[in-house]
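K.L.:
Generate coordinates for the entire structure from the input sequences, incorporating the hints supplied.
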Amino acid sequence: EPTAEVLHWWTSGGEAKAVSALKEDFEARGGKWVDSPVAGGGGDAAMTVLRSRVLSGDAPAAVQLKGPAIQDWAEQGALADLNDVAEAEGWDKVIPPAIQSVMKYEGDYVAVPVNIHRVDWIWANPELLAKVGATEAPKTWDEFNALADKLKAAGITPVAHGGQPWQDATVFETVVLGLGGPEFYQQALVDLDEDALKSDTMKAVFDQMRKIRGYVDADFPGRDWNLATAMVMNGNAAMQIMGDWAKGEFLAAGKVPGKDFICSATPSEHGYLFNVDSFAMFNVSGDDKVEGQKLLAELIVGQKFQETFNLLKGSIPARLGVPLDKFDDCAKKSEADLLAAQDAGGFLPSMAHGMALRGHLSGAIIDVVTAHFNSDMSSDEAVSRLVEAVELAKD
Amino acid sequence: MASLTLDKVRKAFGPVEVLKEINIAIEDGEFLVLVGPSGCGKSTLLNLIAGLEGSSDGEIRIGDRVINDVHPKDRNIAMVFQSYALYPNMTVRKNITFGLEIRGVSAAERDKAVADVAKLLQIEALLDRKPSQLSGGQRQRVAMGRALVRDPDIFLFDEPLSNLDAKLRVDMRTEIKKLHQRLGATIVYVTHDQIEAMTLASRIAVMKDGILQQFDTPQNIYERPNNIFVAGFIGSPSMNFINATLINDNRNLAVSIKRDNDPIILPLKDAPESYQSYVGKDVVFGIRPEGLTHKRTGSDEPGSQYVNFDCKVEVIEPTGADTMTVVEIGGKEIVARVRPDRSPQPGEMMTFSADMSQISLFDPVTELRI
Amino acid sequence: MASLTLDKVRKAFGPVEVLKEINIAIEDGEFLVLVGPSGCGKSTLLNLIAGLEGSSDGEIRIGDRVINDVHPKDRNIAMVFQSYALYPNMTVRKNITFGLEIRGVSAAERDKAVADVAKLLQIEALLDRKPSQLSGGQRQRVAMGRALVRDPDIFLFDEPLSNLDAKLRVDMRTEIKKLHQRLGATIVYVTHDQIEAMTLASRIAVMKDGILQQFDTPQNIYERPNNIFVAGFIGSPSMNFINATLINDNRNLAVSIKRDNDPIILPLKDAPESYQSYVGKDVVFGIRPEGLTHKRTGSDEPGSQYVNFDCKVEVIEPTGADTMTVVEIGGKEIVARVRPDRSPQPGEMMTFSADMSQISLFDPVTELRI
Amino acid sequence: MADIQHYSHDAGWKHTILRGLLYLVLILFAAYYLFPLFVMISTSLKSLDEIREGSLISLPRVITFDAWNYAWNEACVGVECSGIKIYFWNSVKMAVPAVLISTFLGAINGYALTKWRFKGANIVFALLLFGCFIPFQVVLLPMSQVLGSLGLASSTTGLVLVHVVYGLCFTTLFFRNYYVSIPDELVKAATIDGAGFFTIFWRIILPISTPIIVVSVIWQFTQIWNDFLFGASFASGDNAPMTVALNNIVNTTTGVKQYNVDMATALLTGLPTLLVYILAGKYFVRGLTAGSVKG
Amino acid sequence: MGASSSTESNLTASIQRHLSKIVVAPSFAASLFFVYGFILWTGYMAFSKSRMLPVWDWAGLRQYERLWQMERWHVAIENLLIFGGLFIVICLFLGCLLAVLLDQRIRAEGVLRTIFLYPMALSFIVTGTVWKWLLNPGLGLESMMHDLGWTSFKFDWLVNSDMAIYTVVIAAVWQASGFVMAMFLAALRGVDQDIIRAAYMDGASLPRIYFGIIIPSIRPVFLSAIVVLAHLAVKSFDLVIALTGGGPGYSSDLPATFMYTMAFQRNQLGVGAASAMMMLATVMAIIVPYLYSELRGGKKNG
Ligand SMILES: Nc1ncnc2c1ncn2[C@@H]1O[C@H](COP(=O)(O)OP(=O)(O)OP(=O)(O)O)[C@@H](O)[C@H]1O
Ligand SMILES: Nc1ncnc2c1ncn2[C@@H]1O[C@H](COP(=O)(O)OP(=O)(O)OP(=O)(O)O)[C@@H](O)[C@H]1O
Ligand SMILES: [Mg+2]
Ligand SMILES: [Mg+2]
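Residue numbers (the working numbering), protein chains in the order written: chain P, 31 to 425; chain V, 89 to 458; chain Z, 89 to 458; chain L, 7 to 301; chain D, 17 to 318.
Since the hints were made in silico from the structure, they are not lab data.
Glycine residues also receive a C-beta, built at the ideal position from the N, C-alpha and C atoms.
Check before you lean on any hint, since a few could be wrong.
With a Cα cut of at most 27 Å, we get these calculated BS3-like pairs of lysine-lysine [what the hints assert, rightly or not]:
1) K207/V <-> K296/Z
2) K400/V <-> K255/Z
3) K65/D <-> K424/P
4) K255/V <-> K266/V
5) K108/Z <-> K218/V
6) K91/L <-> K62/P
7) K296/Z <-> K96/Z
8) K296/V <-> K218/Z
9) K363/P <-> K285/P
10) K255/Z <-> K255/V
11) K265/V <-> K400/Z
12) K420/Z <-> K266/V
13) K296/V <-> K207/Z
14) K108/V <-> K255/Z
15) K108/Z <-> K255/V
16) K170/D <-> K182/P
17) K255/V <-> K265/Z
18) K125/L <-> K96/Z
19) K266/Z <-> K400/V
20) K296/Z <-> K218/V
21) K108/Z <-> K207/V
22) K383/Z <-> K420/Z
23) K420/Z <-> K265/V
24) K255/V <-> K420/Z
25) K420/Z <-> K207/V
26) K420/V <-> K207/Z
27) K91/L <-> K47/P
Quick list of the computed label-pair ranges, beta carbon to beta carbon [what the hints assert, rightly or not]:
28) P355/Z <-> A203/V: 43 to 49 Å
29) K265/Z <-> Q433/V: 15 to 21 Å
30) P355/Z <-> G272/V: 45 to 51 Å
P.N.:
Structure (structure tokens):
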């Protein structure tokens, strides 16, 4: 009997439902599913658990892992090879190349993607925008600032923001993408090019961050992102910069996209910051477990799961060829932008969500970003600190 | 004014009545000794005076002030606890000076006071030890020191010398007496030591089962005990009680004690009026061991207060200064106090001499003094 | 065989030497009483015998068995602690039976034993109380009960009666004596009560500052004390010590005591050989208060052991049975024990009679008996 | 208990005022401690809509127990949507033995270290004590290797072992410090009565240790019941303790946050601990050793 | 009686004599292995190049250098001193005060005791969340006061980088002081009544009795309490995560969160180990002298 223990941190609401859909499929195919959810810290807790499980020689079969962390584990020789499933299912053809490279280690599939989240969204409240005469979200950062100033003058909190470092970083990376363009983003936040990090563009980015700080209400620190979303929803704030998981909040409250809320990409030239969830397959012993692992991989990349899961999660499928009829307008726009960005070379991994860099590097950057955002640090200082921190983290 | 008045004081622990209507009043500067069998309520009474036990009935006054509701710390009382109750975390010195410190006495004065008291109690060498490093008697002396160092209205001492050796005890007794004379403080003192009670007290309260039996001067308690209990309790070895009959013998009243062969007839001199109504009736004849000795000089002379009679000696108990000689009279063991050099051998016949001026007669039913 | 031997036993608490080479040996069934001033090391010695104090030097044997390394619970000893050490969580009954239970005595036997012992100690009514609900004397009796209920080779009693009233104390003393006779157990007993020591002991060990002063029968200790300390410590009121000179008076040895006007000359009868070397030298003349009384019958006769002399009375202290009469001789206060009916008034002159058969002489330097 | 008991009848106005003040202070403190609980309960009784709209502190307009029901019976912990009830027993199976064993060991250690002092007892104690300060994150990785090689990975036994090992230092500390102030005479007396090491422990020492047993049990139970890190790391899947489930419900970063369910879950998870406090609290008896020993 | 039975009894006797050591031995061995062994392990890791998983390659002092170059670590250490100091002092004070107050024959003692104690029952995660609401200016106390009409009321520590660490103190004190109270209460209940009575006779007022007699005589409990509190302070990880998430920024980071972040989030096991060693060193520096004096004094008392 194929068996798979799955370690993940999708424990609530739509996600949990999505995972149980997978479980049902798996069990329908005769598998035995052992569920090991560990929520918390955006997967930090699960990663801690993973480490101790691996060390005790008792690794779970499939683990929710993403970005460079997959490569890290593969380097330790902890991951299993999925090539035979990949060939049988033709993954190379249906998975976008940028994502493929994340899933592979030295050419072999070691993980399977589940979805694509877009990070660089603005969620706006049309009613509030209307109050200052705007009908849609801003298209450039200047527009953004102008609009925000107007909102502020009208006594409306322009930007709803939560107070966690990753939220600061989310805003930060959209600004980098917007002000610097995809190439700069690649240099600065993916390649960690020192010149890019030191550049005036980066200074401008921090200037913009300081401006945004001014658009945020006083109570933001410690606020969860979904409370910020609720502010937009309830008319307490006009906009929020957040990934498309925010959409789930609107939908859950029965709001209709386009009517009750606006989804719009943050200002950038065909940029698209992706955040892909995936499962990495760990070395397990025993035929039943290996078999279970393969079956699981097959199911995850399968169309049925991709559709069900992403409908529930608010993201879009990580493979091509899944019909989007059932998806909402925002999702459709996401898919369209994705294709455009791919062509324009703007399809980039999110730094804030651990797609671009290994943990210690992104962590070093986020430290600086959040320290800047939460104090009155000058942009110059922020830039020099950024360079320093990256340098320190690199070796 | 630190006179002390207990007015109908009662105390119960749950269902157990421990003190039953105690009435005691002493003047300022008096020395009251509480005696009574173990468990009769002495410590409880001290605790009530100090304000340390839960609610009680009755009124307690110091001077004219009712203190039932006054907090213990405001009663200005010093107390030596039967269980010592030393502060385990403090050195001996600290234990002694704590009360002074609380009252804001300056360090210099405290040092002097503790030096004085330590000298008096012979614990100078122990001042820097903790209580756990002391012997029993040393602890007791520290407990004393804690009280003596203060200058309260009333001292309460609960068997403060019980763990001291005889010599130290005599010294301490003298010191307490001096202290009493010097300070003129009112003192309530519990002891089981008769000599202590006799030498220290200006008044003695004898208790039994929570009931006050007699409250009087030491001399009266010793010589004119109110009832059989007090008579038997005070004095060691205790008074001999013999069932006897009061008879009219040659126009004099006399006590007749049954014996197998012939009764012993002990004529009474200067019998008080109260005896008359008991003529012909049973009485309890009480005589202290020291009232019953070997034959005394002049006891044969007419008009002497001594009466002689012969008796067989059963047991002897030498105690150093005297020899306790036990005889059997009226089915009871009777103890006589005999000079060692005159002490007989068990089984011998011997002439005893009874001092009839020091006897007591009691009603066998009410047990009260006649 | 439960003879007990202490062989060169020493004990120190850190730097403080508490016991210094104690040698004591008693036979099976003997009754050893330890006396000595507070803090002299009596409790420590008991603890060593029981095995409760850490390492000590020297050897302790019960019978022929060296027990230094035997665990206390295997020594088959019962002990009454000076501090009682009752188990606070157990009722009186449980406290008493605990030792039996541990030793696997059946419930029925335990019940019987506790009933017996409770009767003896007069604590039947208290069996179901917790120690905290008892008076001091009651606690002490429970502590006694805990030891008495067992049947050990050796009993150790550390001032077991100090908190009891005189009457109860006499009763308990008798019971202990009976118990001793019945069981033939070896007993080591610490007390400050001289009468207890005298009446109970088959041997007495007198200690001072951790040094054994004398180890002998009660009578010898009382009559022939080894040194001034023992002489002064045993007996209450304590022996009078007078600085005197040994002289040759009419071919008889005599003690001469300086006085303002004329010296008092007290002839000695049957003086032992050892006195000879002290003729003409200073000695300390020791006489017990009871050796010094009012004028006695026959004391004037030649060959009498009594010697009469006159003296002015300074203070009197009535104690009931006797009156302690204080005079000043040789610059010291001397106590005489006078029958109350013969007691003088302070300031009066009075004729005293000294019993020369009961005196002791000591070397003023070594303080040892001559 | 340092007040003088009988002052209940003490009618002095000063006393009444003091007493009043005392209660006032206590009540104020109680309010401080209760306020967050109030927020939790009121939140757990609100519907999600009400929470989304309004203030967190306000009283619920409509009281509904849906959240409680949902948390207990339906909440999804991963794919399993049958509430936290199934994890309850896991926690019990882990906490009860671990608490009992560590408390027992602590008691006997404390007893041995104070009443049977051997050479170096204080050093042994000091060394044991440092176990209290080792951050659990530090031991996580070596511990998993050890558990793995002992074959105890992902088992309740392994968890119990871990909790006992790292609870020991605390329980030993508690008991040792309590026993220091119990008079040695008690042990001496029992020794003379013929009781050995263990008999004295069971019959004399333990019965007078109730307050400190309560403290130790409270501490250990709280620590173990509320532990998340070890539970998540050393137990997997079906063995997971209740806190892991709680965490999985409360600590989601994406998706809709159901505060009412979170609070209900948190309260449910805390209930056993609360129960232990209430039950154990009764045994804070007063003045146990009083009067047994002079000095 | 044969020779065998006497050797046997010798054996039991020697077992008896060493029983106390035998009893402590398992705990001691466990502690040697699981505490000291693991400390050694961590100590080694701090000198290794470990990143994601432990590796044994020697890196010298490099990890310590990196640690001390991190601005964030300095913040964490400073926060630990502020937080640890305040937390321990306030908890001791409150715990002691509450225990003493509860010791006054309070009518509803059981209820109050449970009220003071219950926060301990909640996991830190929950405590953090609730206090986050309460202290959030827009949601909690401040807005409540505003609603009640006290519009000038301002309490924004949670969102103020300089003050955020103090909110952690508030929540931590709320949670832990009840337990300290329980510890003190347990000890108070063991104090001999006669000693207290004696103090009354000495004229001491109630506070004086507590501070002069009772509390000094339960001194060992302070050791327990301080150890427990120091432990909580050093390890208060969940609370910070839940309450401030280390923020705003990383202004309320503590060594525990720092270490966790480094070791498990950022794959800097070596730096994490180095920071853990620094934490241990800090604790030792404070606890060892205290312990030394405490156990010394204890010997003298015993
Ligand atoms: N733990 C200790 N540390 C230092 N000295 C101690 C310790 N215990 C007792 N002592 C000292 O040892 C001496 C002997 O003590 P012990 O208890 O044997 O006296 P004792 O003869 O029983 O006196 P008491 O009649 O007063 O009970 C005392 O001077 C006492 O101060
Ligand atoms: N808490 C209590 N509960 C019930 N009875 C008690 C309590 N405390 C004392 N008693 C009883 O009250 C009576 C009087 O006790 P108290 O301590 O006053 O006696 P005492 O005269 O001092 O005796 P002793 O001479 O033995 O010390 C005793 O019989 C005792 O058993
Ligand atoms: Mg008493
Ligand atoms: Mg003693």
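K.L.:
What hint numbers does the structure not satisfy?
P.N.:
Failing hints: none at all.
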